[in-house]
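There are 4 protein chains.
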Amino acid sequence: MSAPAGPPRRLRLGMVGGGRGAFIGEAHRIAARIDDRYELVAGAFSLDPYRAIESGHDLRLDPTRCYTDYRGMAQAEATRPDGAEVVSVVTPNASHHAICKTFLEAGIDVICDKPLAANLTEAKDLLETARRTGRFLGVTYNYSAYPLMREARALIEAGALGAVRVVQVEFALGWLSTLAESDSKQARWRTDPIQAGPSLVTADLGTHCFHLAEFVTRRRIDALSADLAIMVPGRRLEDNAQISLRFDNGARGAMWVSMVAAGEQVGLRLRVYGELGHIAWDQSEPDQMRLALQGEAVRTIVRGGSGLSAASKRATRLVAGLPEGYYEAFATLYRDYADILTARHAGTAPDPLALLAPGVEDGVRGVAFVEAALQSGVQGGAWVAMPGSGPD
Amino acid sequence: MSAPAGPPRRLRLGMVGGGRGAFIGEAHRIAARIDDRYELVAGAFSLDPYRAIESGHDLRLDPTRCYTDYRGMAQAEATRPDGAEVVSVVTPNASHHAICKTFLEAGIDVICDKPLAANLTEAKDLLETARRTGRFLGVTYNYSAYPLMREARALIEAGALGAVRVVQVEFALGWLSTLAESDSKQARWRTDPIQAGPSLVTADLGTHCFHLAEFVTRRRIDALSADLAIMVPGRRLEDNAQISLRFDNGARGAMWVSMVAAGEQVGLRLRVYGELGHIAWDQSEPDQMRLALQGEAVRTIVRGGSGLSAASKRATRLVAGLPEGYYEAFATLYRDYADILTARHAGTAPDPLALLAPGVEDGVRGVAFVEAALQSGVQGGAWVAMPGSGPD
Amino acid sequence: MSAPAGPPRRLRLGMVGGGRGAFIGEAHRIAARIDDRYELVAGAFSLDPYRAIESGHDLRLDPTRCYTDYRGMAQAEATRPDGAEVVSVVTPNASHHAICKTFLEAGIDVICDKPLAANLTEAKDLLETARRTGRFLGVTYNYSAYPLMREARALIEAGALGAVRVVQVEFALGWLSTLAESDSKQARWRTDPIQAGPSLVTADLGTHCFHLAEFVTRRRIDALSADLAIMVPGRRLEDNAQISLRFDNGARGAMWVSMVAAGEQVGLRLRVYGELGHIAWDQSEPDQMRLALQGEAVRTIVRGGSGLSAASKRATRLVAGLPEGYYEAFATLYRDYADILTARHAGTAPDPLALLAPGVEDGVRGVAFVEAALQSGVQGGAWVAMPGSGPD
Amino acid sequence: MSAPAGPPRRLRLGMVGGGRGAFIGEAHRIAARIDDRYELVAGAFSLDPYRAIESGHDLRLDPTRCYTDYRGMAQAEATRPDGAEVVSVVTPNASHHAICKTFLEAGIDVICDKPLAANLTEAKDLLETARRTGRFLGVTYNYSAYPLMREARALIEAGALGAVRVVQVEFALGWLSTLAESDSKQARWRTDPIQAGPSLVTADLGTHCFHLAEFVTRRRIDALSADLAIMVPGRRLEDNAQISLRFDNGARGAMWVSMVAAGEQVGLRLRVYGELGHIAWDQSEPDQMRLALQGEAVRTIVRGGSGLSAASKRATRLVAGLPEGYYEAFATLYRDYADILTARHAGTAPDPLALLAPGVEDGVRGVAFVEAALQSGVQGGAWVAMPGSGPD
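Residue numbers (my numbering), protein chains in the order written: chain A, 1 to 392; chain B, 1 to 392; chain C, 1 to 392; chain D, 1 to 392.
Take the hints with a grain of salt, since some may be wrong.
One copy or two, either will do: identical chains are not told apart, so a pair holds if it fits within one copy or between any two.
[As the list claims (entries may be wrong)] Heads up, simulated EDC-like pairs for lysine to aspartate or glutamate below, C-alpha to C-alpha not over 20 Å straight-line:
1. LYS313 - GLU181
2. LYS313 - GLU296
3. LYS313 - GLU157
4. LYS185 - ASP339
5. LYS313 - GLU26
6. LYS185 - ASP48
7. LYS185 - GLU26
8. LYS313 - ASP125
No lab work stands behind these hints: they were computed from the structure.
Please build the complete structure, drawing on both the sequences and the hints.
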C-alpha cells in the first residue's frame, strides 16, 4: 500500500508593509493562514527599524529576516535556499510599482494589493516585467473572491439573465465625511497624492467596482463619463465620483464611489440586469444574493446551497447558513494563488477555477480605468474611451 | 349648546380618463374615497360611447353625466348648479395640456396626473392659465405624499443630515423588458410618441424621481448629464436612462430610471447623504426609512413612531406597525387638495402642511427636467443647465 | 343593446361603538368605504349623548339616527324602510354578546369585532341565535384577509409544503410594557375584567393567532398547554402567554402572545413548517411571504405576483410592488361580507372565495380557545383538550 | 532598549475525532489556526488505522503521532517532552466522557465539543475530575462567542433593557426533514442512541440555546415544560421539541429546537425582552443585532461599530461592515482558551474577558437541561425543576 498523496508543502511567504497596527497587512496574513498553504518567513514591515523588528517579533519571525528596506529583503531572500518564494505587497499605492518590480526582477512571485500602480505607464511596466521574468503577479481584488460573486459570474455565463443590459455598482464609505486626514495615519496617506497617487476614491474603491463589474458580467467597459468632486474642503483628492458606464455589448451602467457617504460602513453593492432578470448583492451580507427573474418569485441564493456552480462551491468552506466573511473570501484568493504557484513549481496546470483569482492583466485594466476617469473628470465629464490595456 | 363644527362638505369630483380596467383612474378614485372628502359626480371615462357609459355605470353615476368628450363635459358641468367643482385628469400624457386648459378655462379646478404636459411650452401655458383663471392645478407626484418622504424632508430641513452632498435615486421596473407594447394597451400608449410625448422613462419615472429628490432635499437640481438608451429593439422611446445630477449647493447625484430592469417590480428608491449621515427609503416598504448617522447605530424610522414631525403625522392614519400603502399616500394628496380647495371656497388659508401636495409649479419643473434630459441625451451626454421654470 | 349589468347597490350600514377618537371603529369605516359597497346610515357611537351626536356629525349622519342606546337603535332601524341592514359592533369585548344578540333578534345582520364574546356560553348562544334567526354574523379576524395569508392557505391546500408539522405563531406588542392603564382609556378597558372579560392577551391577540393558524393550515388545534403571566405589577389580567399547541394531525406548535414585548409594535408573525418546506410571514410587511422549500433557494412570494392563487388574487387590488396595507385587508373582509349579504338578499350563492371571511363558527372557536388556555393556566400548564365548538 | 514583549508561544494541540471529511473537526482546526496560537501536533482522528494516518497526512502531521486509540495517544503524548498540552475532543457525544476523563487524568487540558456528556452523572464526573486533576476543561458552545452575543450580554448587564421578562430562542434545521440517517454518516450517529446518547435535538441544538439564553441574560432557567416529538417515522430520537421556560427572576420564555424545520438552514435566533426594550439576533447574519427600545426608533447594532462594549470589541477583528462569520467566532473561543491556558502556565490570571468562554460548569448545566427536558417529556410536559448542577 503506498502512502496517500499528501497536501502540497507550505509556500514560503514574505511581506512588504503591514507593520503593527496596519489593517490590510493583517488581513493578508490571516487570509494566508486559514487554509494553511503558506508559512510567513520574512518581512519588511516598516521603514522604521524599531517598528520593523517589533512587527516581526509579533509574528514570531527570525529577527534577521525582518528588514527595513524591501531592496535588501529581495536580495537576501532571493539568495537564501529557504528564502521567501512569494511576497505580499501591502504598502501605499504609489510604492507598488517599485516594490513589485524589485521582487519580480529578483525572481520572486508577488501578490500585490490593489490598485496595481499609480498610473498606467507603471502598471504596464509591471505587466511587461512579469512577462519578461516569467514571474507571477496577482492583484488582490478580494471582493470578487466572495463565493457568490463567482456564482454570479457562473450564472451569467450560463445565460441565466440573458444578455446584460444594465450594471449598477457602488462602493460607499462614510469614513472620510470629515477631514479625518488631520488625525488618522491611514486617512493621511490615502488622501496624499504623493503616497496614494493622483486619485482617492476612483483608485481605492473604483478599481474594486470596475473589476467586479467586468468579472461578473464577462463584458468589458469601453467608455465612461465621470463627475469627480471634492466634498470636504481642504481635501486634495476626489472623495466622490459619479461615473456613467458603457459596455462593449451596448449595456449601460452607473458607478458611485464615495468616502463621504456619511452613515455607510462598507457599502459595496452590485446589481446586474439582463434581458431575463437581475442579480443583486451587498458585500456586508455576502452569503446571500438576490436572483430575480422577470415574472417569477425572487429567489435568495445562499452560499453553500444546493445546485450552485463549481466555481462557488470551490470557494466555499462552510455549509449554507453558517456565515463566512471577509477573511474567508480573501483566503480563497490566497489559496488560488497557492494552487497557481504550486502548479508552476510542478510544471503542471492549476485547476482552471484557480485562475478566477485576478492577475496582472486585471491589475493593469483597473489602473487604465482610473486614468480614463481622471481624464473624463478633467474634461468636465466628457465620454472617454478606455485605453487599451495590453503592453504598449 | 351650539352644534359641534361639522366636517367640510364633500367636493363634487369629475374625472377624465380612467375607464373600466384603467389602473391609475381607479387609484385616483379609491384615493378620493378613503377620507370621504369627495363625491364622484361625472366623468368622461372613454372616447368610446359604450365604454364611457359602462364605466360610469360601474360607478353608479347618472348616465347623463357620463360624457364621451371632455369639452362637452366641461361645458355641461360648469353650468350645472351641482356640477363638478374639480376634475381629475388621468389620460395619456400628451393630452394633459388640452384637457387641463379646457377645465381651467371653464372655471373648474384640476388634479392632473404627472407629467403635467408633453413639453415645456405646454406646461408653462398651463401655469399661465391657472394664474390667469385663478384656478387650482395640482399634479399627483403621489410618492412624495408617503409619510416618510415628508418625514425625510422635515428631518433634512431640521438639519439632521447637515448639508446635502449626494442624492441617489432610482425608479426601475422590469415591465417593458420585452416588447410588451405589441400586446398590452397600457404599454402601447406609453411607448407611443403620439400619445406619450417624446419620452418614456424620463417622463414617466424620471419626473417622480426628480420631484422626490427636490422635495426631500429642498435643493434644486441645476444641471444634468443624461445617457438615454433604447434597450429593446423595435421600441421608439428611451427605456433606460442614467442621469448624473448637480444641485444648486454643489451636491451631486445619480438618477437611474428604467423599464427594462428585469425582475424589478416597482423599484423606486431614494437615498440622501449629508455631512452627518443619510436616509434611505424604498417605496415597496414605505413605512420604514433608514436613518444612518455617521458613528451611530443605524435607526429604522417607522411611520407613526414617536417623535416624528408634524408633516408626517398629518399624513398618517394608522399606528406604527399596522402598514399603510400606496392608496393611503395617494389619499393624502386628495385630502390635501380637498383642504386647499375647501379653504379657497371659504376664503381662508389652508393648513400650511396641505401645501406639501405638489402644484402646477412642481408640474412645470418636472417637464423642464424631461426637456433638459432629452437635450443632454441628444448632445451625447453633455451637461445641460435646467431651464428656468417660471412662465416666460 | 341592453344596459350593462351594474354594480350591486350599497348596503345600509350601522355601527355600535366607534365614537370620535376610537381606533377600531374608524378602521371598520374606512374598510367599508374603500370598495364602495356600504353607506353608513346610523350609529350608536357612545353612551354619552353629546359624544354620540358629535361622532355622528363628524360622519355627516342624520342626527336622528345617532343613538345613545343600541337597543333603541335596533328597534328604530329595524322598523324604518331605509333602516340599517347590517351593523358593525366595535365595542369592548364583554358587551359583544348582548349587542350582537339584540341586532340578530331584530333581523339585522352583524359584523362583530373579535373576540366574539367573553365566554364560551355566550359565544355558543350567538351561534344558536344566528342559526335560529337566519341572520349572518361575521367576526373580523382581519389578519386572515391579507392576500398572502389566503395565498398561504391555498399553497398548503395544494400540498406545496406536504403535511404540516410545526406552527410557530406570535403576536407581540410593547404597548403595555408599563402600567399604561393608569393613563390611557383604551388600555383601561382592555385590562379591566368587567369590560374586557377574563383575559387580556389570550383574548385580544391569541384569538387572532389561533384563527390564523387554523385558517392557513386547515388543521384544527386540539390541545394546548398555557403558561400565563402578569408581568407588570398592578395589572389584573394576563399580559404574557406562552402556549404549546398540538394539532389534530400530530403537528406541534407554539404561540406567544404578549403586550409587554417592549420595543415591538405589531409583531404578528406566522410560520408553518411542513414535510417539504415552510412559509413565513410578518404582518408589518404583509406584501411579502417567504416560501422555503428544503433543498431549494428561498423564494419571496409577493402579493400580486404572477402565478398566485385565485384566493389571493381576489383579495388584491394593486400590482405587485405597490404596497397594500391594513385597511385594504380589512376592506377585503367588508367586501366579502357584502358579497355574502348581497347574495343572500338575491337568494343566490356568493362567490365561494367570499366565504373565506370568518363567520360565527370561527368566532365561537376563538372563544373556546381562550377558555381552554385560561383553564390550562389555572391548572399550572396542564394539557387541555379544546372543547367542542358546536352549539350544545 | 529591551526587546519588545513577544507574543505567547503556540500551544501544542492534539485532536480526538475530526478525521478526513468531518465537519466539526475542521472547524476546530481552522478556529485554532486563525489567531496563530496553536500548533497541531498529534491526533486520533479515526478508529480506522488507514483513515487515521491519512487524516494526519492531510494535516502534515508526523505519522508516529497519528493514533487510532485515544488512550494510547493520551499516554504517549503525556510522556513526550514535546507532547500535546491540550486536546480538542470532537467525537460523537456519547464518547465525550471517557475521552475527556482520560486526557484530564493524563494531565492534559481539554477543549470538548458540546454537549459535554450523555447524561448528568457523566457530566458531573468530568467536573469532579477537572477539579481533582487541576486541568482545564472548556466546552465549545461556539455561538456565544459571536461578538454581538457578548455585546448583548454586556448591554443587559448594563441595564439597557431593564429586568428581563421574556426570552424567545430557537434553533431550527431542515436537515433531518426526511429519514436522512439511512444515507448520511453524520445523520446516522446523531440519531443513534448508542452514539449520540438519549437525545437528538435537545442535546445537539437545545444545549446551544440554553447556554445562549443564560449567557446573554445572566439569569438561570429554573424550570421547564417540554413537548418532545418524533416527526419522521422510523427515527429513534426526538427531532422536534417545544419547551416552555421559567427563569429565576420570574421571566418566561420559549425554546424551539428542530431538525425537521424544512427549508431552514441554520436557524438559530435569540430574542430577549426586558422592561425597556428587546434585542434580536439571527446567527445567519451575526454581525448585526436589533436593539429596540420602547418608544424609540429601532437601532441596528453592528459588530465593530462605535460605542460597543469591551467584551465585544475583544472578540472583533474587522471594522464594521466587513463581515466576520462562524470561523471567527469559533476562533475567539480558541483564543480565549489559549489566554486562559497561557496564564495558567505562567501562574497568572487571564484577561477576565477570556473567561466568557464556556467552561466545564457550563457544560454540566447544559447536560442538566437535557435531562430535565427528557424528564418533562416523559411526564407529558409536566413542569420540571432544573437539577442542581454542582458536583454531588
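Comparing the hints with the structure gives:
1. In the homo-oligomer, the alpha carbons of LYS313 and GLU181 never lie at most 20 Å apart, since the shortest distance is 41 Å inside one protomer and 24 Å across protomers.
2. With identical chains, the CA atoms of LYS313 and GLU296 are at most 20 Å apart between copies only, with a shortest distance of 16 Å across copies and 25 Å within one.
3. Proximity of LYS313 to GLU157 under the C-alpha cut-off of 20 Å is restricted to the intra-copy arrangement: shortest distance 16 Å within a copy versus 36 Å between copies.
4. Taking CA atoms no more than 20 Å apart as the test, LYS185 paired with ASP339 passes in neither setting, with 35 Å inside one copy and 30 Å between copies.
5. In this assembly of identical chains, LYS313 and GLU26 lie within 20 Å of each other by CA distance solely across copies; the values are 17 Å between and 26 Å within a copy.
6. Only within a single protomer do LYS185 and ASP48 lie at most 20 Å apart by alpha-carbon distance; the minimum there is 15 Å, versus 55 Å between protomers.
7. In this assembly of identical chains, the alpha carbons of LYS185 and GLU26 lie at most 20 Å apart only when taken from the same copy (16 Å versus 38 Å across copies).
8. Neither within a single protomer nor between protomers do LYS313 and ASP125 lie at most 20 Å apart by alpha-carbon distance, with minima of 35 Å and 43 Å respectively.
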